[in-house]
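Asks: Below are the chains, spelled out letter by letter.
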Amino acid sequence: MRGVIAVATVQFGSLTLHTNAIGWQPAVVSAFSQGKAKGVSHPATVTGPGALEIDLAVFMSDQGEGMIHCPDPSGVPADYARLAHGARLGVYAGGQDEWIIKQLRLLRFSPTLGWGNPSQTSIEELDEIVEGSVEALLINLGLEDIGPKHDVLGVRGNDLALRWSSNSGPELPLLAYSITRILPIFKALN
Amino acid sequence: MAEELVYNPYPVILPQSLVLGQLVASLGSFIKGTAWEIGERLDAILAHGHGPGWLSELSSDHRLPSLHDPDFIFNWHPQESILWEALPPFSIDLQKRFGKVRWTRNRWEHDAANQSIPAYLNGIDQVKRLTVALGLTTTSYAPLLVERTSVLQRAGGVLPPTGIELEIQQQKEAAEEARKAAENALAVAVAAAAQAEELGAQAAAALKAKKEAIQQVAEVKAEIERLEGELLKAGSISRQSLLEPADELQSGDFWGDLPLGVRTLTLKANMLDLMDRTTETLLSQQLGLVATEAAQRWLKIMPSGGQVHLTPAGHAAGLVGNRFVYLGRLDTC
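So the sequences go chain by chain: B and D.
Take 1 as the starting number for the first sequence in my numbering and just add one per residue.
Take 1 as the starting number for the second sequence in my numbering and just add one per residue.
Derived by calculation from the structure, the hints in this document are not laboratory data.
All residues carry an ideal CB built from backbone N, CA and C; glycine is no exception.
In silico lysine-lysine, DSBU-like type, Cα no more than 35 Å apart, as pairs:
1. B:K36 / B:K187
2. B:K149 / B:K36
3. D:K221 / D:K208
4. D:K210 / D:K233
5. B:K38 / D:K300
6. B:K36 / D:K300
Here are some chain B residues the structure puts well away from chain D; computed CB gaps all over 10 Å:
7. V28
8. K36
9. A37
10. V40
11. E98
12. G157
Excised from the complex, chain B in its bound form:
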């Protein structure tokens, strides 16, 4: 019998993150300083009002350096073209099966310029963006720690950092990207 397969949908703000059971796929990605990197990738889609549909993916290289990005520029709506030109979110494999985001910054998007760059943010600001508790959203996906990087990672800096188990699934980093990259553009445009 063919049953319903596992999918995940996460509502944040007015948008929805979708993953399905396709799982991690072998992938080769360029955009790293060292050139092309082999690793695994997990796809996802963010949908929203107005038939908004943006494909994204989380990639983790064999070297433990990864990112969340929009891998196919053709799958990015024109208004969201900024996402096809960088604005990636770095993710790293830490010790003891944990993954970390060392610098969770918020994209400051100008609809008139059609452009913007990420800069330092706070949990409070992200709460305003998602109109709820971003921490609660992330905790549901396996978040173990969030806060200034000097607290979470013990290194200098006040940028937000996150830490979670690599066994928690791909949704947490995908959501972190969606909140700090896609949602700001969506809100700026609407």
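The hints should help you fit chain D onto chain B, whose structure is shown.
Replies: Below, chain D without anything else, positioned relative to chain B:
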């Protein structure tokens, strides 16, 4: 001259307290010890002069006196008695001293319950008066008894404990505390055991309830899966029961001028799935593997994916180049 040591089986007994039994025993040791010593002296002297059977000469009513018997020794011995040959010269006073000891002995032997501390001290004095007069070694008993009585009186009637006794007492008290602590611990343990037993019963009941709940959840899940399967099967049957013009098409055929399906989906190459833009749900969420397998088949015709139109019967058409192409049917029979 050194005092001759005389064996005496009745050493002085010093009272440990001023209770009656202690007084009787201690005074009794003085009386019996003195009688023993006198008896020994009489025998030593009179046997020499009257022969070893001298005591039998003093028998009366065919009753042979016992040499060390206080009843024999302490008496009003008449002046003509041969006993005086072994004693200091007879005198009324000395005779009375024997009589007073007899009287003392009788009082403490037969009427002890009515005696007192002063009577006890008086008894010691009466015996001492005789021992002093006779020059007996048991005279030394008297000051010991008096001193002990004085100590006991100062201590409230009971001999104060010695250092060793105090140490033992402390050890005893510590042991008593330990016993109480152990009893308390035992009581707590018993109570805890009872509580644990009760909790164990509760835990067992909770565990049973949990198992039943898990079983119920499993049964409900199984029922849901069964219903979902039935639903999928029914949907598939429903779609396939519909007759549409596209039934005649083969995958890859041009769609032609047939009406496009009203349900618009995005064939997603990255996820091997279809996204319903209207409901913002993946088709795999609704149809499971039917959707992902269809997506994989259709991506062979539209490798980059894109928009597809789905008819009620499950026929899909997608734009390839500038023409719509028949992708195939959701259900593969």
